[in-house]
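Novice: Okay, here's what each chain looks like letter by letter:
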Amino acid sequence: MASYIWLIPFFPMVGFLINGLLGVKFKRSWIHIIAASAIGLSFLTTLILFFELLKVEPHARHFENVIFDWIVAGKFHTQVAFMLDPLSVVMALVVTGVSFMIHIYSGGYMHDDPGFRRFFVYLNLFVFSMLILVLSNSFLLMFVGWEGVGLCSYLLIGFWFEKDSAANAGKKAFVVNRIGDFGFILGLFLIVTTLSKHGIWSLNFDVVFKNAELFSPATVTAITLLLFVGATGKSAQIPLYVWLPDAMEGPTPVSSLIHAATMVTAGVYMIARCNVLYSMAPGTMEVVAVVGVLTAFFSATIALVQNDFKRILAYSTVSQLGYMFVGVGVGAFSAGIFHLMTHAFFKGLLFLASGSVMHAMAGELNIQKMGGLKKFMPVTFWVFMMATLAISGIPGFSGFFSKDEILWQSFHRGHIFVWIMGTLAAGLTAFYMFRLTFVAFFGKPRMDEETKHHLHESPKVMTYPMIVLAIASVVGGYVGIPPVLGGSNRFEKFLEPIMGGGGHEAVKEGAHAVAHASASLEFTMMAVSVIVALIGITVAYVFYIKNPELPVRLARGMRGLYTLLYNKYFVDEFYNSVFVQGTKDFATFLWQKVDVGIIDAIVNGVASIVESCGGLIRKLQTGYVQTYAFSILVGGVVVFVYFFWESLF
Amino acid sequence: MGGLTAHIPILSIIIFFPMVGVLFLLLIDRENESAIKGTALVFSIIEFCLSLPLIIRFNPNTADYQFVEKIPWVKSLGIQYFLGIDGISLLLIMLTTFLTVLCVLSSWSAIKNYIKEYMISMLFLETGMLGALISLDLVLFYIFWEVMLIPMYLLIGVWGGPRRIYAAVKFFLYTMVGSVLMMIAILALYFLYHKATGVYTFDITKLYQLNLPLGAQMWMFAAFALAFAIKVPMFPFHTWLPDAHTEAPTAGSVILAGVLLKMGTYGFIRFCIPLFPSAAFKFVPLIMLLAVIGIIYGALVAMMQKDVKKLVAYSSVSHLGFVMLGMFAFNMQSVEGSIYQMLNHGISTGALFLIVGMIYERRHTRLIKDFGGLAKQIPIFATFFMIATLSSIGLPGTNGFVGEFLILLGTFKASRPFAVFAATGVILGAAYMLWMFQRVMFGKLDKDENKVLKDLNWREVVTLIPIVIMVFWMGIYPKFFIGKMEKSVSNFLMTVNKKVEARRLMDSKAKALADNLWQSGKLKVQKIN
Numbered sequence: 036m037a038s039y040i041w042l043i044p045f046f047p048m049v050g051f052l053i054n055g056l057l058g059v060k061f062k063r064s065w066i067h068i069i070a071a072s073a074i075g076l077s078f079l080t081t082l083i084l085f086f087e088l089l090k091v092e093p094h095a096r097h098f099e100n101v102i103f104d105w106i107v108a109g110k111f112h113t114q115v116a117f118m119l120d121p122l123s124v125v126m127a128l129v130v131t132g133v134s135f136m137i138h139i140y141s142g143g144y145m146h147d148d149p150g151f152r153r154f155f156v157y158l159n160l161f162v163f164s165m166l167i168l169v170l171s172n173s174f175l176l177m178f179v180g181w182e183g184v185g186l187c188s189y190l191l192i193g194f195w196f197e198k199d200s201a202a203n204a205g206k207k208a209f210v211v212n213r214i215g216d217f218g219f220i221l222g223l224f225l226i227v228t229t230l231s232k233h234g235i236w237s238l239n240f241d242v243v244f245k246n247a248e249l250f251s252p253a254t255v256t257a258i259t260l261l262l263f264v265g266a267t268g269k270s271a272q273i274p275l276y277v278w279l280p281d282a283m284e285g286p287t288p289v290s291s292l293i294h295a296a297t298m299v300t301a302g303v304y305m306i307a308r309c310n311v312l313y314s315m316a317p318g319t320m321e322v323v324a325v326v327g328v329l330t331a332f333f334s335a336t337i338a339l340v341q342n343d344f345k346r347i348l349a350y351s352t353v354s355q356l357g358y359m360f361v362g363v364g365v366g367a368f369s370a371g372i373f374h375l376m377t378h379a380f381f382k383g384l385l386f387l388a389s390g391s392v393m394h395a396m397a398g399e400l401n402i403q404k405m406g407g408l409k410k411f412m413p414v415t416f417w418v419f420m421m422a423t424l425a426i427s428g429i430p431g432f433s434g435f436f437s438k439d440e441i442l443w444q445s446f447h448r449g450h451i452f453v454w455i456m457g458t459l460a461a462g463l464t465a466f467y468m469f470r471l472t473f474v475a476f477f478g479k480p481r482m483d484e485e486t487k488h489h490l491h492e493s494p495k496v497m498t499y500p501m502i503v504l505a506i507a508s509v510v511g512g513y514v515g516i517p518p519v520l521g522g523s524n525r526f527e528k529f530l531e532p533i534m535g536g537g538g539h540e541a542v543k544e545g546a547h548a549v550a551h552a553s554a555s556l557e558f559t560m561m562a563v564s565v566i567v568a569l570i571g572i573t574v575a576y577v578f579y580i581k582n583p584e585l586p587v588r589l590a591r592g593m594r595g596l597y598t599l600l601y602n603k604y605f606v607d608e609f610y611n612s613v614f615v616q617g618t619k620d621f622a623t624f625l626w627q628k629v630d631v632g633i634i635d636a637i638v639n640g641v642a643s644i645v646e647s648c649g650g651l652i653r654k655l656q657t658g659y660v661q662t663y664a665f666s667i668l669v670g671g672v673v674v675f676v677y678f679f680w681e682s683l684f
Numbered sequence: 040m041g042g043l044t045a046h047i048p049i050l051s052i053i054i055f056f057p058m059v060g061v062l063f064l065l066l067i068d069r070e071n072e073s074a075i076k077g078t079a080l081v082f083s084i085i086e087f088c089l090s091l092p093l094i095i096r097f098n099p100n101t102a103d104y105q106f107v108e109k110i111p112w113v114k115s116l117g118i119q120y121f122l123g124i125d126g127i128s129l130l131l132i133m134l135t136t137f138l139t140v141l142c143v144l145s146s147w148s149a150i151k152n153y154i155k156e157y158m159i160s161m162l163f164l165e166t167g168m169l170g171a172l173i174s175l176d177l178v179l180f181y182i183f184w185e186v187m188l189i190p191m192y193l194l195i196g197v198w199g200g201p202r203r204i205y206a207a208v209k210f211f212l213y214t215m216v217g218s219v220l221m222m223i224a225i226l227a228l229y230f231l232y233h234k235a236t237g238v239y240t241f242d243i244t245k246l247y248q249l250n251l252p253l254g255a256q257m258w259m260f261a262a263f264a265l266a267f268a269i270k271v272p273m274f275p276f277h278t279w280l281p282d283a284h285t286e287a288p289t290a291g292s293v294i295l296a297g298v299l300l301k302m303g304t305y306g307f308i309r310f311c312i313p314l315f316p317s318a319a320f321k322f323v324p325l326i327m328l329l330a331v332i333g334i335i336y337g338a339l340v341a342m343m344q345k346d347v348k349k350l351v352a353y354s355s356v357s358h359l360g361f362v363m364l365g366m367f368a369f370n371m372q373s374v375e376g377s378i379y380q381m382l383n384h385g386i387s388t389g390a391l392f393l394i395v396g397m398i399y400e401r402r403h404t405r406l407i408k409d410f411g412g413l414a415k416q417i418p419i420f421a422t423f424f425m426i427a428t429l430s431s432i433g434l435p436g437t438n439g440f441v442g443e444f445l446i447l448l449g450t451f452k453a454s455r456p457f458a459v460f461a462a463t464g465v466i467l468g469a470a471y472m473l474w475m476f477q478r479v480m481f482g483k484l485d486k487d488e489n490k491v492l493k494d495l496n497w498r499e500v501v502t503l504i505p506i507v508i509m510v511f512w513m514g515i516y517p518k519f520f521i522g523k524m525e526k527s528v529s530n531f532l533m534t535v536n537k538k539v540e541a542r543r544l545m546d547s548k549a550k551a552l553a554d555n556l557w558q559s560g561k562l563k564v565q566k567i568n
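Chains A and B supply the protein sequences, listed in that same order. Throughout, this note's numbering is defined as the position within the first sequence, counted from one, plus 35. Throughout, this note's numbering is defined as the position within the second sequence, counted from one, plus 39.
Do not take every clue at face value.
[To be verified] Calculated cross-link-like contacts (lysine-lysine; reagent style DSS-like; alpha-carbon spacing at most 25 Å):
no.	chain 1	residue 1	chain 2	residue 2
1	B	K493	A	K198
2	A	K232	B	K537
3	A	K409	A	K479
4	A	K628	B	K321
5	B	K550	A	K198
6	B	K345	A	K198
7	B	K486	A	K198
8	A	K110	B	K526
9	A	K198	B	K415
10	A	K603	A	K198
11	A	K198	B	K408
12	A	K232	A	K245
13	B	K321	A	K60
14	B	K526	A	K232
15	B	K408	B	K490
16	B	K415	A	K60
17	B	K415	A	K62
18	B	K345	B	K486
19	B	K234	A	K198
20	B	K486	B	K415
21	A	K110	B	K518
22	B	K234	B	K550
23	A	K110	B	K537
24	A	K60	B	K490
25	B	K483	B	K345
26	A	K528	A	K90
27	B	K537	B	K526
28	A	K619	B	K345
29	A	K619	A	K198
30	B	K408	A	K619
31	A	K404	A	K479
Bear in mind the hints are in silico, worked out from the structure with no lab data behind them. Please read all numbers here as calculations on a predicted model, not as lab measurements.
Same shape as in the complex, but just chain A:
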């Protein structure tokens, strides 16, 4: 079976090449069919491989497919090679599955865009890169995918590049990600150079993890922290989250696919993949969990007061990614991946639904200008509702199982601060999601008559994929029902062979504690988070349905706090004035003062001194290059004679 793993990324590659090189004259429907079926075939291949994998003994579920040698220099050796194991197959299923739905949807959403072909070319290239990222068997090839998805993100955020805001957002995303990648690649160097002292010259996951005990505690902490810097860039965590809200300038299917469901979760995947290393570095784990929960809380507070439909969802994504990092940070690696999967369904769906709303509202994004959409777009409303319930953690929906698993694990492994913040953030999440729902879909329509007249439900090509994702948002959690609710957490079992953390003590103890927790305590904790979510929903109901005057008064009453939140804590302004402007000023100084003012001034100064001296002996100087050449010859002869003379004696 290993021999055809390469087919998974191969199909999107073919789709990219066909549409990219030959597609200029194709009809739109053809372009759409080629792009979507490329992903469909890829999804199908992944499914087949998944079932084949299930047939194999759990501990033998590891297959590699070497394609060719890549960078080989001295003893250093890497290959282009793919790997299939429970973790990569879960990721590949999520990526191809959600991508397939979004590819179908995009055919409707982008239908009238002049850049239709370019869009699908980029989208196929993105899926290809993402699959390289999750299927690679080594850090270095993973980095190829890692930067590849960054490129596609850049191209797709700036898809409508005539808008300065879009072009700026794309550049910002790429540069901020590069800052993260700077850490990531230093982490790789540290791995290679440390192992090379023991004669190991590889970046293959297998080899590195098997030899993990060769790292000293300090080294492994440094490595994991550096890799985490990469993750904060790609997965939009504090302090590098700033690019993601701006990334909403891209077409909405892109926000859904890249900036919610797949690419932004790459950091979580990377940490789960490296669970052996992270388990050896408890200090790093603490950092990951705390950064995660702070990001979850911090961005949830920003989402409370925003009025832009997509930006609310963007801050929500940042916040939910924070939860995933809490999961992997407290050592519950499979819980992090579980939330990654359910989030891919419900957040992907939320964005598609927002796209459907934009489609109907002629691109309007301000929720204050919506209202009452429930009536006009029933399908969109209902799928949006499913996803909202899922993200709010209402029992029975997928988000409940995955988020609760993370909170429960963090509580039980003794991260009380993390648990408190996480639970509060869950309340905020329920509030801002229902605020969004109530303001946009309930109440009286507030749009102008013209827009209202054109309100319509989206075509089937858009609604069907949303319905599929809605179903997934509901039932997606049932693969991971915890034992306490009568399930057996199949998801965790499936991932167990790779998520063992290399059998390190800290993780074992944590898992042990979790396994032996009392059921009543677990029920209590569950009840707490459900109650918090219900409070959030109730407050939203009171604010936006019962008494719409209240939030306005509240905002007026707490002017300072409101302004701070509304302006996202002024972080962008701070970064701009300190880092961006600081760099530009320094660069200008180097150019004007150092380069022109000092170095070149000296050069020209020497030249003019020579020239004025030359004035005195003008008769010897003609100013022609031949003369200079001649003087070189003379000088050379003099030196030659000198040495010749010296060598004689």
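Mind docking chain B on chain A? Use the hints.
Specialist: Frame of chain A; chain B shown alone:
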């Protein structure tokens, strides 16, 4: 090597074939411009084809010089006509013949005056560059080194922009200063070798065996290094480069960036380091420091440039900083990365200059503020520009990544702080290139002059496609290229290390001997007393 090739002086043919082209060009009437261009193109293409057997026939399993030709030239002075290539020069030779074809193509409509002289200069330059890369005799090398200078000086001074004379003279004088010092050092080495062995020779394979005392090495290294550092150019000897690039015609810039700058880095690896390795080791901290400063400084200054061509010129300072850094980290990964980066820079910066030239030909400006929104008007151009940009910022999958990765990996092994600072260049690289790309290609198409721009014609597309192929080939399957240099690089490192070790032993033995003498001397003195 096959029996057939052993008898054909393939290297001489490759060096002098462009001169045959020059002869043909001399015979063509200057009015007949298409014949002139056609002849130059045909000769450059044949030249490229002639160089192909080198890479096909090259034996990657040996570090010995291959295709060697050795004829005594001036016997009394020990000057030889000595040619040969190894895995290091091989790829640079291929790059030279490859880029020359593209340069001729790119000059098709850009050059309006003296087209005959222009094409003659071009081919003449090719002979100079190839000769310098292939010579294994210092005098021969020096001749070709100087030969290169003249056509380049003319390319800038005759076919350049408005400040061409200033730029050309600056270029010429800068390089001359270095050349003079180098010549003195060559002569000093010549006499020192004679002193040690009683033989006069400029044969570098023989000179390699000379292991000079550290003091002498330091002086001669400094003289050679200055010549090459100016050519690279390393910070702070770089200020001739932005002027030369800005004023040079497109093809001049491509050749200047693609090959001429590599003469500096090649000089280090072929002459400076193997001849004076102990001194080279002593200079490691200084050169690495200057290299890292160059990387960051070049990138920052590039960021604020208003002229696209000047921006690319400063980015060269940054990229060449990587090359020098890798070379002086002295391990397999870093040195191979360094050589790879020499090729990459030729490909990607060459591409950027070609692209800037194409837009200049249409708009007669290179100022960033005169553009904006071009991607909509000229999408094919935008695609090529994007690919060249990505290659320049080292996106994985393109050639740039392989070089930068290996250099940084090797440097990290040798010195972590330098690697960390150098790696910030990767962030800055993305910042200045993408910012420039955004201002030129994205945004609103709001200038009337830009609304009538024509997209690339077939000749321009044909010029750029080979580059795009190289970008991805070198990025996806680097083994083909690195495999060729593997043996030469490991041999280079081994001999350098051996020689340094021997010098160290000699010095410590000499010191022990001196100590002994001193002590025994003291004893003698005591006896007399």
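Novice: Compare the structure with each hint and give your call.
Specialist: Quick rundown of the hints versus the structure:
{"no.": "1", "hint": "B:K493 <-> A:K198", "result": "holds, 22 Å"}
{"no.": "2", "hint": "A:K232 <-> B:K537", "result": "holds, 21 Å"}
{"no.": "3", "hint": "A:K409 <-> A:K479", "result": "holds, 10 Å"}
{"no.": "4", "hint": "A:K628 <-> B:K321", "result": "violated, 31 Å"}
{"no.": "5", "hint": "B:K550 <-> A:K198", "result": "violated, 73 Å"}
{"no.": "6", "hint": "B:K345 <-> A:K198", "result": "holds, 22 Å"}
{"no.": "7", "hint": "B:K486 <-> A:K198", "result": "holds, 16 Å"}
{"no.": "8", "hint": "A:K110 <-> B:K526", "result": "holds, 12 Å"}
{"no.": "9", "hint": "A:K198 <-> B:K415", "result": "holds, 12 Å"}
{"no.": "10", "hint": "A:K603 <-> A:K198", "result": "holds, 23 Å"}
{"no.": "11", "hint": "A:K198 <-> B:K408", "result": "holds, 17 Å"}
{"no.": "12", "hint": "A:K232 <-> A:K245", "result": "holds, 16 Å"}
{"no.": "13", "hint": "B:K321 <-> A:K60", "result": "violated, 62 Å"}
{"no.": "14", "hint": "B:K526 <-> A:K232", "result": "holds, 22 Å"}
{"no.": "15", "hint": "B:K408 <-> B:K490", "result": "holds, 15 Å"}
{"no.": "16", "hint": "B:K415 <-> A:K60", "result": "holds, 18 Å"}
{"no.": "17", "hint": "B:K415 <-> A:K62", "result": "holds, 20 Å"}
{"no.": "18", "hint": "B:K345 <-> B:K486", "result": "holds, 17 Å"}
{"no.": "19", "hint": "B:K234 <-> A:K198", "result": "violated, 72 Å"}
{"no.": "20", "hint": "B:K486 <-> B:K415", "result": "holds, 13 Å"}
{"no.": "21", "hint": "A:K110 <-> B:K518", "result": "holds, 13 Å"}
{"no.": "22", "hint": "B:K234 <-> B:K550", "result": "holds, 22 Å"}
{"no.": "23", "hint": "A:K110 <-> B:K537", "result": "holds, 20 Å"}
{"no.": "24", "hint": "A:K60 <-> B:K490", "result": "holds, 24 Å"}
{"no.": "25", "hint": "B:K483 <-> B:K345", "result": "holds, 19 Å"}
{"no.": "26", "hint": "A:K528 <-> A:K90", "result": "holds, 15 Å"}
{"no.": "27", "hint": "B:K537 <-> B:K526", "result": "holds, 16 Å"}
{"no.": "28", "hint": "A:K619 <-> B:K345", "result": "holds, 13 Å"}
{"no.": "29", "hint": "A:K619 <-> A:K198", "result": "holds, 23 Å"}
{"no.": "30", "hint": "B:K408 <-> A:K619", "result": "holds, 17 Å"}
{"no.": "31", "hint": "A:K404 <-> A:K479", "result": "holds, 10 Å"}
Hint violations for this structure: numbers 4, 5, 13, 19, all remaining hints satisfied.
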